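**Student:** With these hints in hand, go ahead and build the complete structure from the sequences.
There are 4 protein chains.
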Amino acid sequence: MAKPNGISKQELIQYAKQCLVEKGTEKFTLRAVADTAGVTQGTIYYHFRTKEQLLLGIVEDNCETSWQEISKSNTYVLKQAIASAKSRCSYDSFFHQLFILITAASFKNDKIRYQLSEIIQAENQALSENLLKIWSESPVKGVSMDTWGIMFNAMVDGLAMQALLQKDFPVEKVYQELEQVIGVLTSFGKKEAIE
Amino acid sequence: MAKPNGISKQELIQYAKQCLVEKGTEKFTLRAVADTAGVTQGTIYYHFRTKEQLLLGIVEDNCETSWQEISKSNTYVLKQAIASAKSRCSYDSFFHQLFILITAASFKNDKIRYQLSEIIQAENQALSENLLKIWSESPVKGVSMDTWGIMFNAMVDGLAMQALLQKDFPVEKVYQELEQVIGVLTSFGKKEAIE
Amino acid sequence: MAKPNGISKQELIQYAKQCLVEKGTEKFTLRAVADTAGVTQGTIYYHFRTKEQLLLGIVEDNCETSWQEISKSNTYVLKQAIASAKSRCSYDSFFHQLFILITAASFKNDKIRYQLSEIIQAENQALSENLLKIWSESPVKGVSMDTWGIMFNAMVDGLAMQALLQKDFPVEKVYQELEQVIGVLTSFGKKEAIE
Amino acid sequence: MAKPNGISKQELIQYAKQCLVEKGTEKFTLRAVADTAGVTQGTIYYHFRTKEQLLLGIVEDNCETSWQEISKSNTYVLKQAIASAKSRCSYDSFFHQLFILITAASFKNDKIRYQLSEIIQAENQALSENLLKIWSESPVKGVSMDTWGIMFNAMVDGLAMQALLQKDFPVEKVYQELEQVIGVLTSFGKKEAIE
DNA sequence: TATGAATGAGGTTTCATTCAT
DNA sequence: GATGAATGAAACCTCATTCAT
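From first to last, the protein sequence lines stand for chains A, B, C and D. Residues 1 to 195 in UniProt numbering are what the first sequence lists, from first letter to last. Residues 1 to 195 in UniProt numbering are what the second sequence lists, from first letter to last. Residues 1 to 195 in UniProt numbering are what the third sequence lists, from first letter to last. Residues 1 to 195 in UniProt numbering are what the fourth sequence lists, from first letter to last.
Hints listed in this document are in silico derivations from the structure and should not be mistaken for laboratory results. Since no wrong hints were added, every one of them can be taken at face value.
Here are the simulated SDA-like pairs of lysine to any residue, each with C-alpha atoms no more than 25 Å apart in a straight line:
(1) C:K51 <-> D:F28
(2) B:K72 <-> B:N62
(3) C:K167 <-> C:Y91
(4) B:K23 <-> B:T43
(5) A:K141 <-> B:A83
(6) C:K141 <-> D:K173
(7) B:K17 <-> A:F28
(8) C:K111 <-> C:D61
(9) A:K141 <-> B:D168
(10) C:K86 <-> C:P170
(11) C:K167 <-> D:Y114
(12) D:K27 <-> D:G42
These numbers come from a predicted model, not from an experiment.
**Tutor:** Structure, rendered in structure tokens:
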């Protein structure tokens, strides 16, 4: 019964994340979080005024994580981003399950919903900038770089969602062919914008 | 006190759908469904053995709806599909909210999860066939028509998710530019497959 | 979906008995009985005004069965009765489970309780008479034949209850030794009553 | 609104026992227990994870009570045990009603069933030892002391069950005559074992 | 005669939240 | 700071019973 006293907000959030994915939205109870963290429910209430505050904490944390990754990936190139996306594209993806679960919860919580949109827009922006690095300009006339970022991000999330549902989703094949498409677009971009 | 109102399973499912989107996963209670439908909770249990069965009923219903639309869209062309996707791409989209909610629920229910994957694969397939009609062959060498279907569907869902979260998501702009991209790909496909 | 119309009260009681033992008091619902009998709940209400009436029907039926066996066993001798008791002395004994279940229910239903007592007294009486046949008079002075009947019946039920609870209850051994005891008492009875 | 009344598991079990006998299996609801104990239903669930656990708690409690009595009775003699059994042999016996109710419940719960069998076997054992004290050896050849314990216990339970059902069961008479029988057996035992 | 849709009261259970310690 | 006993509202679910057909 060793009591590792002094649990931090941050730690609680990590445990809560774990719980959320392990138990799903339905069974995501404060009791479960407390058990996972090895503390009592009272302790959670010492750190978060309500359950909603805890959920918000999770989202904020994800937000920060995302920002860090994005700023990192700014220094790398697109390949890195794709590799990362591919690795998260699976039936058991913690990351995307969490995202879907929070998205589902966000429909009834405007604050969370807004934060999620901020995260996504930052991702879109970062992707757009990365694409610019390898394309220098949009390979298709009339399609802005912003839109390429949006579409790229949408594609990655959309594929992830399919993989999340379909056990034998052909991740390898699809990502390989997706890179093919990007390659072709890149080669056009380098020649001239296509009308 | 039995009043044979004559409510059908189908009607209950419709009311349940309405409830699910109006109240969100968290507040999607059988009492709420019962109230919405104007029956007692017992009545729901007469038609569905558990809440989960009701949820499954909703999914199955969506499945059938999807199938019908897909078989319809086979006779139409891709433009139709895009228009439909665009119309569903909004901050308040009942359709996509329901989908996300069910997806979230599916993580803890393999049966639902499997059914969802079936729906998606059917959509992918239908899209692939429609693309073939206007492309006759894949515009990018090494990218199978199946993959085009998958990617197209992923894109549509990904965009919808963004629109769901971001109030001022530029639906018009993005879809217009997406069509631009498709147009370009089509023109390539008509010349020759690109290496 | 062949509907064997015209189910009788008697048949319903048999199905109800089966249900009671298969599902236990707790899950002994009219729905379960109806399902077992292949009819609807309404049908049960056609034959029995309430659930209690059905339970009473079961008890009455058992009563009649008992009477029949008792009057039969009057013609046979004690050995028969013992063999029958032994065969019913097991971990899975339908007969005794039913008896315990009904006894439990009887605590809140005086009518049932009274009927059960009538059954038992009849059994006691029959046993007493059978003992008289082989003993001609009580082998122990001061112990009436009525009491022997009561004690014998109590012993049989008590052993059955133990067997009902204990998986490896040594039925064979105990009954063999019980017969030994009876044998000894009999031999005394034949010599002279013991003081 | 948390009022630390400080109700203990033990107390809850006592209240539950009271409820069980007062209301019978059918009406043995957690609401009733909560009301009797003066707490809310939630409180019960704080102490017992399910209703079944509470029932198990009752059984375990009875188990311990039995053990205590048994170990006590080891120091006393058989007369004590008989007197105790007789006092519990009545139409309203809390003790035996509880036992029957739990036995009925045990048919659907192997854990409870097993515990009951353990209690009974301990009783059998204790009785056998006590009989040995006054008999020194089995008064009937071929009948082991273990079996005497089993039979004695069965007799006591069987008589109790009859008394439970029959309002005017002749407790006094039967127990007096039962002691007579034991006396006779004892006197044999002292002479020599009977063949 | 029998059915099956519907009811409503009440059961067990869960859970965010409170508060004395 | 942290705990854990307690709450109470509300969730899911069951079931005897009713009644139009």
